[in-house]
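**Student:** Start from chain S and add chain P according to the hints.
Chain residues, written in single-letter form:
Number of protein chains: 2
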Amino acid sequence: MPAPISNRRVEPAACEAAIAELKLLVGDRLSTAAAVREQHGRDESYHASVPPDAVVFATSTEDVSAVVKICARHKVPIIAYGTGTSLEGHVAALHGGVCVDLSRMNQIVEVNADDLDCRVGPGVTRKQLNEYLRDTGLFFPIDPGADASLGGMTATRASGTNAVRYGTMRENVLALIVVLADGRVIRTSKRARKSSAGYDLTRLFVGSEGTLGIITEITLRLYGIPAAISTAMCAFPTVSEAVNTVIQTIQSGIPVARIEIADELQMDAINKYSKLSLKVAPTLWLEFHGSAASVAEQAGMVQAIAGEHGGTNFEWTTNAEERKRLWQARHDAAYANKALRPGCQVWATDVCVPISRLAQCIEETKADLATSFLPAPLVGHVGDGNFHLTLVLDPNDPKEVAECERLNRRLVARALALDGTCTGEHGVGYGKVDFLVAEHGEAVSVMRMIKNALDPDNLMNPGKIVRM
Amino acid sequence: MPAPISNRRVEPAACEAAIAELKLLVGDRLSTAAAVREQHGRDESYHASVPPDAVVFATSTEDVSAVVKICARHKVPIIAYGTGTSLEGHVAALHGGVCVDLSRMNQIVEVNADDLDCRVGPGVTRKQLNEYLRDTGLFFPIDPGADASLGGMTATRASGTNAVRYGTMRENVLALIVVLADGRVIRTSKRARKSSAGYDLTRLFVGSEGTLGIITEITLRLYGIPAAISTAMCAFPTVSEAVNTVIQTIQSGIPVARIEIADELQMDAINKYSKLSLKVAPTLWLEFHGSAASVAEQAGMVQAIAGEHGGTNFEWTTNAEERKRLWQARHDAAYANKALRPGCQVWATDVCVPISRLAQCIEETKADLATSFLPAPLVGHVGDGNFHLTLVLDPNDPKEVAECERLNRRLVARALALDGTCTGEHGVGYGKVDFLVAEHGEAVSVMRMIKNALDPDNLMNPGKIVRM
Numbered sequence: 021m022p023a024p025i026s027n028r029r030v031e032p033a034a035c036e037a038a039i040a041e042l043k044l045l046v047g048d049r050l051s052t053a054a055a056v057r058e059q060h061g062r063d064e065s066y067h068a069s070v071p072p073d074a075v076v077f078a079t080s081t082e083d084v085s086a087v088v089k090i091c092a093r094h095k096v097p098i099i100a101y102g103t104g105t106s107l108e109g110h111v112a113a114l115h116g117g118v119c120v121d122l123s124r125m126n127q128i129v130e131v132n133a134d135d136l137d138c139r140v141g142p143g144v145t146r147k148q149l150n151e152y153l154r155d156t157g158l159f160f161p162i163d164p165g166a167d168a169s170l171g172g173m174t175a176t177r178a179s180g181t182n183a184v185r186y187g188t189m190r191e192n193v194l195a196l197i198v199v200l201a202d203g204r205v206i207r208t209s210k211r212a213r214k215s216s217a218g219y220d221l222t223r224l225f226v227g228s229e230g231t232l233g234i235i236t237e238i239t240l241r242l243y244g245i246p247a248a249i250s251t252a253m254c255a256f257p258t259v260s261e262a263v264n265t266v267i268q269t270i271q272s273g274i275p276v277a278r279i280e281i282a283d284e285l286q287m288d289a290i291n292k293y294s295k296l297s298l299k300v301a302p303t304l305w306l307e308f309h310g311s312a313a314s315v316a317e318q319a320g321m322v323q324a325i326a327g328e329h330g331g332t333n334f335e336w337t338t339n340a341e342e343r344k345r346l347w348q349a350r351h352d353a354a355y356a357n358k359a360l361r362p363g364c365q366v367w368a369t370d371v372c373v374p375i376s377r378l379a380q381c382i383e384e385t386k387a388d389l390a391t392s393f394l395p396a397p398l399v400g401h402v403g404d405g406n407f408h409l410t411l412v413l414d415p416n417d418p419k420e421v422a423e424c425e426r427l428n429r430r431l432v433a434r435a436l437a438l439d440g441t442c443t444g445e446h447g448v449g450y451g452k453v454d455f456l457v458a459e460h461g462e463a464v465s466v467m468r469m470i471k472n473a474l475d476p477d478n479l480m481n482p483g484k485i486v487r488m
Numbered sequence: 021m022p023a024p025i026s027n028r029r030v031e032p033a034a035c036e037a038a039i040a041e042l043k044l045l046v047g048d049r050l051s052t053a054a055a056v057r058e059q060h061g062r063d064e065s066y067h068a069s070v071p072p073d074a075v076v077f078a079t080s081t082e083d084v085s086a087v088v089k090i091c092a093r094h095k096v097p098i099i100a101y102g103t104g105t106s107l108e109g110h111v112a113a114l115h116g117g118v119c120v121d122l123s124r125m126n127q128i129v130e131v132n133a134d135d136l137d138c139r140v141g142p143g144v145t146r147k148q149l150n151e152y153l154r155d156t157g158l159f160f161p162i163d164p165g166a167d168a169s170l171g172g173m174t175a176t177r178a179s180g181t182n183a184v185r186y187g188t189m190r191e192n193v194l195a196l197i198v199v200l201a202d203g204r205v206i207r208t209s210k211r212a213r214k215s216s217a218g219y220d221l222t223r224l225f226v227g228s229e230g231t232l233g234i235i236t237e238i239t240l241r242l243y244g245i246p247a248a249i250s251t252a253m254c255a256f257p258t259v260s261e262a263v264n265t266v267i268q269t270i271q272s273g274i275p276v277a278r279i280e281i282a283d284e285l286q287m288d289a290i291n292k293y294s295k296l297s298l299k300v301a302p303t304l305w306l307e308f309h310g311s312a313a314s315v316a317e318q319a320g321m322v323q324a325i326a327g328e329h330g331g332t333n334f335e336w337t338t339n340a341e342e343r344k345r346l347w348q349a350r351h352d353a354a355y356a357n358k359a360l361r362p363g364c365q366v367w368a369t370d371v372c373v374p375i376s377r378l379a380q381c382i383e384e385t386k387a388d389l390a391t392s393f394l395p396a397p398l399v400g401h402v403g404d405g406n407f408h409l410t411l412v413l414d415p416n417d418p419k420e421v422a423e424c425e426r427l428n429r430r431l432v433a434r435a436l437a438l439d440g441t442c443t444g445e446h447g448v449g450y451g452k453v454d455f456l457v458a459e460h461g462e463a464v465s466v467m468r469m470i471k472n473a474l475d476p477d478n479l480m481n482p483g484k485i486v487r488m
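Protein chains in written order, with this note's numbering: chain S, 21 to 488; chain P, 21 to 488.
Hints in this document: simulated from the structure, not taken from any laboratory. Bear in mind that the values here come from a model prediction, so they are computed numbers and not experimental data. Be aware that one or more of the hints could be misleading.
The list treats identical chains as one, so a pair stands whether inside a single copy or across any two.
[Claimed, not checked] Simulated crosslink set (SDA-like; lysine to any residue; CA at most 25 Å straight-line):
{"id": "1", "residue 1": "K89", "residue 2": "G461"}
{"id": "2", "residue 1": "K147", "residue 2": "I270"}
{"id": "3", "residue 1": "K386", "residue 2": "D134"}
{"id": "4", "residue 1": "K147", "residue 2": "S272"}
{"id": "5", "residue 1": "K89", "residue 2": "R468"}
Excised from the complex, chain S in its bound form:
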């Protein structure tokens, strides 16, 4: 496991003074209990917990601003926390300091149905929002695996299975309220659908992982629930044939909403876990959104394309129950992987490459994995060129940890050489700080200039994204 960069902890006296002052401000909304701190120092990844010195449960933008001002005065680090479902140690208190838990800021402030947008607190989760929207005929499409908070999804530039059609958080955040490192509050944009009014501060804070400020309100785009949905599933002789089906589908302008891939290892794991007898071969799932006529037409067009690429067992349906059955196998992938080695943890890789390089990247990766002793099923958001290996490891076995590091390092290098990125949707945290330098080179110095300008004392989630 990479060692946390925790050598520059905050001065204990400064931290104690800040906590004492915070306690006067927020009362019992501050906790220094070991269990609470331990929980707030870890996410869902293989990274060990690095607990903060205290946790404040914030209730409003003004509250966050007051907390940040106190911490800034004492030069104490501040780490924002949503649901703790990040995957690269984003919430680890590497330098100590105060964790600001935003989960209580879970109000859906406003839904503007005519404008297809809404304003939400950072603690609202994606499932909570969609539950709330159910009767409006609208939905929010971004769906990382976890039921993450929308603040956290914004901060990591999350995506998921719908990105090929609906984009990522980058495309779906219209405006933000942000508390800056000195406690000042800004709104990054008005609610207009587009604007050329100055620097794109919204996009600067999307993906900034709490290192430039704390997001306390998000204006999001919404979409009408499609009149009809069709789902298709199809097996292919090789990953290349599956990927070529995807390329041709997208080039044909078929407005596919989801295209997911699983390799034969993943299909085998699913069969074993879910007691199915699906073909053990690279498999695509596709989903189409539109009118009844249009989704039938789209499925038919893709069936023809898949046929040209050796696709077999093509099934498609608009029936809700049947659709659920087809997707179930894909949804079971995560559970199936954990069941491969009960009691073990998973290390999810996250490279994303141009789609023309995807087949090559996956095939070279699978050849590399064939020499490893660790199981590593593969799933991917193949329409975007993004795929995940699930490395199933015992985190207490240094040999297994070293093997994961080796495989991941080689995978990232391969993706970068193919003009891809080390992280399609999980973010940098502190797990990928060095990969960021390998990926962006000199541009990281510009990131550092921005970080230094907005947070000169390096107090906002220090040690993440860039080393100062």
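**Tutor:** Chain P alone, transformed into the frame defined by chain S:
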């Protein structure tokens, strides 16, 4: 006409020294001819020319880097120039300095058909790119009125009629090569379709109007030319009915590619200019992209919605000649407006509001205009909530200039009060510096912090976007 902020011109001696050094570097690719400087100090707006001290015709990223390094050493301002088709004085050399003309960097470096992307020099124009792509079955959808350079379109975050479906430059730039204020060169991103790898430098430079660096290469998204296109045109009793048709169309999930509006004044001008007898009433044009069956279905669905809102004279067609005829009237709008007062100039306003506020914004604006002596036809990209008044004025008549300023000021204040923006697609230049402060408040100080971090000597297109 607002006075240019030209009170802090560069030291003449420093400027002369820089120009002498540049001349050694680039030879006859540097010009100090009055006519060349005059042309490079003006765009297509009402803003008067503010000529630079010299113009360098750059040929490569390395060339731009060398030029910037010389200027930086002498503390001489640098202004990037594409086609000079901006609308808010973006290219005016307010503090003097050197204009870097990028029009010779017009190479289409690479088209990746499988990935639906391409890399182009900043001097490539949108029409040049689409001409080049014609045989590939691909196209680039962003279409501001002018045949602007893609570097300029990136720098102003341009859009046009297709944004409702394809987004603006914000959504369609994948990566940039940028020469920074000190001459260093960065690439902002790899070519992957999505990434969570650090701060979104791509989006930071999109819309930065040459104030943070000079864009020397752009990686753009491309799209497959749709199998079929249908175009529809329809008149409405009121602007509200037209806008409500648009809202319902978008909420129904109909993936409309274009929705344009013109008011009755604009239709009257078009009739007179083009010798047509179109109904003098608020009019919508719509375009649908997809399969033959899908575009027919979409047009039919919108016809039904328009019918519910009093739409009359609904015509739609997939025939290329007929489509051209329907669009011709919309394309004639700009010429029709200029013909209203031969010899006059136009001042194009550019507010954009949430679509639920659009009818109110247009109606209040038309009531305001009814008291004015200036003609001001209205067209708009109504799917985005963006509309333009064409104020037709004699720029030498102070009374007319003052009236334009008054109307525009009131229009912007109205749009901001409706949660809109002062500029949907034209950018800030120096014409909207004060409106930016009205729109963003404290957030402008963050823009200033970023500008100061990346360009501490305020040499990159100074006086634009933010005052330092």
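**Student:** Using 25 Å as the alpha-carbon threshold, which applies to K89 and R468: within, between, both, or neither?
**Tutor:** Both, since 23 Å and 21 Å are each at most 25 Å.
**Student:** With identical chains treated as interchangeable, where does the CA-CA distance between K386 and D134 reach 25 Å or less: within a copy, between copies, both, or neither?
**Tutor:** Between copies, since 22 Å is at most 25 Å while 48 Å is not.
**Student:** Please work out whether the CA atoms of K147 and S272 approach to 25 Å or closer within one copy, between two copies, in both situations, or in neither?
**Tutor:** Classified as between: cross-chain Cα gap 22 Å, same-chain 33 Å, threshold 25 Å.
**Student:** Within a copy, between copies, both or neither: which one fits K147 and I270 at a CA-CA cutoff of 25 Å?
**Tutor:** Classified as between; 24 Å across copies, 28 Å inside a copy.
**Student:** Checking an output row: K89 and G461, CA cutoff 25 Å. Within, between, both or neither?
**Tutor:** For K89 and G461, the Cα distance is within 25 Å only across copies (20 Å; inside one copy 34 Å).
Checked against the numbered hints listed earlier, the structure breaks none of them; every hint is satisfied.
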